[in-house]
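Enquirer: Sequences are here, hints too, so could you generate the full structure?
Single-letter residue listing:
There are 2 protein chains.
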Amino acid sequence: MSDAFDYSNLIATGLPAPAAKWTGFAKYNFIGGHNDPEGIPVEGLVASAERVLKRRGQSLATYNTDGGPLGDIELRQFLADKLQQYRGFTPSVDEILITSGSNHALTLICDSLLNAGDTAIAEEYSYAGMLGRIRGSGAELLGVKLDNEGIRPDSLKSVLEDCRSRDVTPKFLFTIPTIQNPTSTVMPVHRRREILDLTREYGVAVVEDECYADLMWDETWPDSMRAMSRSEHVIHVGSFSKYLSPALRLGYVVAPWQLLSQMLALKNDGGTSALSQMVVADFMREHYDDHVASMNTRLERKRDVLVEAVREAFGDSAKYEIPAGGIYLWLKLPDSVDTLLLERHALAEGVAFNPGSQWSVDPDNARSHLRLCFANPDESTIREGVAKLAQICSREFGLPAT
Amino acid sequence: MSDAFDYSNLIATGLPAPAAKWTGFAKYNFIGGHNDPEGIPVEGLVASAERVLKRRGQSLATYNTDGGPLGDIELRQFLADKLQQYRGFTPSVDEILITSGSNHALTLICDSLLNAGDTAIAEEYSYAGMLGRIRGSGAELLGVKLDNEGIRPDSLKSVLEDCRSRDVTPKFLFTIPTIQNPTSTVMPVHRRREILDLTREYGVAVVEDECYADLMWDETWPDSMRAMSRSEHVIHVGSFSKYLSPALRLGYVVAPWQLLSQMLALKNDGGTSALSQMVVADFMREHYDDHVASMNTRLERKRDVLVEAVREAFGDSAKYEIPAGGIYLWLKLPDSVDTLLLERHALAEGVAFNPGSQWSVDPDNARSHLRLCFANPDESTIREGVAKLAQICSREFGLPAT
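Chains A and B are the protein sequences, given in the same order.
Going by the numbering used here, the first sequence wraps up at 541, each residue one higher than the last.
Going by the numbering used here, the second sequence wraps up at 541, each residue one higher than the last.
Because identical chains cannot be distinguished in the list, a pair is counted as satisfied if it fits within a single copy or across any two copies.
In silico DSS-like links for lysine-lysine, alpha-carbon gap of 30 Å or less:
no. : residue 1 : residue 2
1   : 221       : 160
2   : 193       : 221
3   : 221       : 441
4   : 160       : 527
5   : 458       : 527
6   : 458       : 284
7   : 166       : 193
If you're looking for bench data, these hints aren't it; they were derived computationally from the structure.
Expert: Quick look at the structure:
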């Protein structure tokens, strides 16, 4: 068109690369935090939508309905009750801020605490979104070592001491203690105590992300870190994305008003979508237990299918811990396998996974790791996809041996 | 508590003031863009929620459901059809990005186009949220004069010439041509043509915000600016907040992929809430015409009640244009009235309105203006609230004379 307008002179400098056009999900979709379509409680959501709209629909006429900018009051009340019953602590509804996914909560935490030049600490392997937020703020990002019980206290102590010697107080430690992302480990109580005491001693806040904590197959899982004594420096984050639906975009942060009021001032989005909040509050008040039990049964079966498929297809070439819950398997392949390269080949054949380097404070430290989410594909797709991935890996890197 | 943790050393510098605790809506609530509770189509939303959840509920298991990050495909299809039928142009569904309210769309536009030191132009009285976004980017904000047909071309020409003489190309002109916020005027076609030609000549994009355009009582309203020829430099923004519900947080932006791909790269929110999108798409495909007609009847009656109440209570002390649509009345009180001071007194007695200076590029230029939203209060509350406001104004400023 002769009339076309060229925006290139107007677009700002310093932006991320433009997005690519979306071409649909991969056939073998092991990426992201997608969930199981069969696990969406459609009938229950229909009933809740009808009930809550008839009861409260008119309140959609105002921003934030009638609960104010912290979020729907019934959803905050559900969360206060659930945190008391299952996670061991009892926030007031005024200490809970509903966000558009936990990613949004983490963004508000970073924006409230980090200036360029500040320092933050994360687990050596951690949620890519949060690592990106910390780096994007211009803060220095330091990693602490993990073992199969989560953060190693000796590593944390050494990082904190090193910071102190440079007269630096890190703003926070970001941890996912209950089903870590990506490693799917659970930090036991004694470790939680050590991490709490160390961070408190050094004046460092703890950001505890429990967005997978509902998806724990062993019902003896530990209370949240925020539930333990002397844990007032813990900012608690959670989500509905992993045990209900990521497309609803509902998460939350629990923090004292001193900090929450600062996050709220930065949350200039006109509120989080109220229909989702209302419907989910109504649904969860009646069905939380049943729904989570059913989701966990489903996910545990898929975990078994994936682990079996990986064992068959990769044999000794893949090292991993069996996940205690959640939706991820974290694999270490032989050092000769570059998972960023493997990703490119796999995508071309319809197999999508997350390369480890994107989930690592030091990308080089996870060049041969990858993360598989087993929640979305059905069981036969899991088996086929893993077999296909092993074939591609074998063809490109000679391992696993065929 | 002896164990309390003091976050004050950890909170970032340069933040906005912390939020105040929410204490509920004012009794006489004339602020913001709240809507009419009676106008929420509860039964229709219930039916749509049931229908769409049964048909598509399982797709909530993935981020962004099955339509990708631009937003729900059925909602984008509805918008493409609606824009064709009512606003005069036909975007492809791949040129429409669903956002969490139009405010979010405007944020993405500012973030895509503005660096610190850039220049943007807005109408002298305009949407406070956008003025804040532009200022917050560090860009210079210039105002152009309005009359009762919108932007005065002579004023725009003079601003553009002045910029050119300083070798500055403003990034965009922000305009609300169809029911301007806050003045509620409509820019006629010949003006639109002049503004389009001028901006194009100077290489300046136009951000056209049509979030009130559905609420027009005269059905001969002009097509959007984007619908006119040689308008490829127009970025079109709209919303469901004003004719359906602000609490749903649904807006959109229409732009060429060159620019939209940049906005999409900045939209790192995991997607806009999918349940609201699905339900609204289903509802609007069946009920757009009926719903908008019913909402407009309701709002026109409230406009009449407000105008009559202002005439009775303020007499010659208040100057205004009768709104041609929308939800706002923009009042000019005598110069001796400082509406920021008036606001403080009024709030203490339960009357909330928006002081003009917050809706003005030059705050001093609207010190005696105020904006009343007539959509939310019922008719008797409108009458009582306006009478109360006039009493307070009279008591504090001697006008209107009692």
